[in-house]
Amino acid sequence: MLLAIDLGLVIEKLILIVVVISASLVIAMYTTFAERKVAAILQDRRGPNRAGPFGLLQPLADGLKLFFKEEIIPNFSNKFLFILGPALAMLTAMMTSAIIPWGNKLELFGREISLQITDVNVGVLYVFGVVSLGVYGIMIGSWASNNKFSLMGGLRAASQIISYELAMGISMIALLMVTGTLSLKEMVVQQQAGYWNIVKQPLGFLIFLICAFAECNRTPFDLPEAENELIGGYHTEYSSMKLGFFLFAEYINMFVSSVIMATLFFGGYDIPFFNEATLSPNIAAILGIVALMAKVVFFIFLFMWVRWTIPRFRYDQLMHLGWRILIPLALFNMLATGASILYFQ
Amino acid sequence: MQALTSKAKQVSRKPMSFTERMYLPAIFKGMMITFSHIFKKKPTINYPEKQRPFSPVFRGMQILNRDEEGRENCTACGLCAVACPAEAITMEAAERQPGEENLYREEKYAAKYEINMLRCIFCGLCEEACPKDAIYLSETFAPADYQRKQFVYAKNELLIPHPKENPEAYKKALGNRSNKSTVN
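In order, the protein sequence lines correspond to chains U and S.
When we follow my numbering, the leftmost residue of the first sequence carries the number 84, and every step to the right adds one.
When we follow my numbering, the leftmost residue of the second sequence carries the number 9, and every step to the right adds one.
The set of hints was computed from the structure by calculation and includes no laboratory data.
Warning: the hint list may mix true and false statements.
[Said to hold, decoys possible] Calculated pairs, DSS-like style, for lysine-lysine (alpha carbon to alpha carbon, straight line, at most 25 Å):
1. S/Lys58 <-> S/Lys120
2. U/Lys148 <-> U/Lys162
3. S/Lys157 <-> S/Lys172
4. U/Lys120 <-> S/Lys37
5. S/Lys17 <-> S/Lys50
6. S/Lys140 <-> S/Lys120
7. S/Lys37 <-> S/Lys48
8. S/Lys157 <-> U/Lys120
9. U/Lys120 <-> S/Lys172
10. U/Lys162 <-> U/Lys120
11. S/Lys157 <-> S/Lys120
12. S/Lys49 <-> U/Lys120
13. S/Lys22 <-> S/Lys48
14. S/Lys48 <-> U/Lys120
15. S/Lys180 <-> S/Lys163
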């Protein structure tokens, strides 16, 4: 019976996938609300407060509005690619969540359920692969719109991702040298036992953070959509829910990269200054999820906070920062990490 | 050359120091400034729920006054229409018939009284011109509408609620101006 399928495992994973996907969709939905609210508060305004108590139904109203809008596909666009663009953006945004350890094990119905959809042993590589795929949605969508502003946005997105992926990758290598593993789960376990990786890799984290901002196309790196120079950039020609998908993918990306940062550098579901082993595993797992979400909320707030503080880069400044500052800095960080590992051996 | 003001400031062109070129301290400083705005008091008023109190001299929509027994004050003398710089007021007078003493205070009254709210500039000259304390500017303003002709307010829209039949609405419509009528 080599091919015996554990039906329980299939059901368990299926439920986990549904929960994770719907949870990240809901979180992304409320991130759009939080973005507007945070923006308002940082600018001494009140923000949306009409739909429902405290405006909590605002994302639903926004979603409904997008569905009811007229759907326009430009005549001279490539229709297949035009639809593929936002779909791809959404898909790649969702894909990363597959390997994130959301918590430790739950014990239910006599089974040990791991709160991670799959523990890929090259998890970090998978993240990089999927994140760099994310730009294809933008590029294909912008090219298919047959509009110069869109194309310009797409080009900017592509060159931006290439420039910052490098620095991100090199800063990751330093982290991998410290941890000695590519599995996200194992990294969290290591951080639970010892220090968080931020202590060992502060410069690496800074580089990773800046690159994460760039990869998510968030201000100050939001050149691909730059409203005031490119009329919305890659999504100029999009309307209705296809536009919604593009915008939504950005928020899911933001959520996922917050989770990745929390997992890689801030101990994932580890509760600081507290030994989880003293609690029963179920409670520890749930508290772990809460701890992870608290870290994620902080990072999402950081994304917004920076957005409403720093203005957008000029294009040459963006390239200068990526190639001439971040990459040498990341290389130096890698070198210094290697040297200190050798020294302490 | 002599400076025109004492506020002129020499622009510093000295090269940035290392910490300045890192930009991170400056970014951090900026973020602290935005963060401090979280705790600032919001100047916005949640309008339909909360309304800002008007100043006592606020001039809103006109109201046609009644006396304590609910009789209309207006005698259709036309002084308000003459005083009106925007020519927003038109009226037609009529003689009070026997048996209408409870409706109109004096022998002559306005059968038709119209104010075009699109012409009105809310200057309050009609209120000043009126010898009978019949018209004054209240604390409400003309609500929005879909058609221009809806903005020509007729007498039934301008009249204050009856003080005996509907005393609360009367008080509300009278607003802070109530003490004004006692002065006259």
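Here is what the structure says about each hint:
1. S/Lys58 <-> S/Lys120: Since the Cα atoms of S/Lys58 and S/Lys120 sit roughly 36 Å apart, the hinted pair is violated (cutoff 25 Å).
2. U/Lys148 <-> U/Lys162: 23 Å, holds
3. S/Lys157 <-> S/Lys172: 32 Å, violated
4. U/Lys120 <-> S/Lys37: OK: U/Lys120 and S/Lys37 at ~22 Å, within 25 Å.
5. S/Lys17 <-> S/Lys50: 34 Å, violated
6. S/Lys140 <-> S/Lys120: 17 Å, holds
7. S/Lys37 <-> S/Lys48: Holds. S/Lys37 to S/Lys48 sits at ~17 Å (cutoff 25 Å).
8. S/Lys157 <-> U/Lys120: Outside the cut-off at roughly 41 Å; violated.
9. U/Lys120 <-> S/Lys172: It is violated: about 49 Å lies between the C-alpha atoms, which goes past 25 Å.
10. U/Lys162 <-> U/Lys120: 36 Å, violated
11. S/Lys157 <-> S/Lys120: At roughly 16 Å apart (the allowed maximum being 25 Å), S/Lys120 and S/Lys157 satisfy the hint.
12. S/Lys49 <-> U/Lys120: At roughly 15 Å apart (the allowed maximum being 25 Å), U/Lys120 and S/Lys49 satisfy the hint.
13. S/Lys22 <-> S/Lys48: 36 Å, violated
14. S/Lys48 <-> U/Lys120: This hinted pair holds, its Cα atoms lying about 15 Å apart.
15. S/Lys180 <-> S/Lys163: 18 Å, holds
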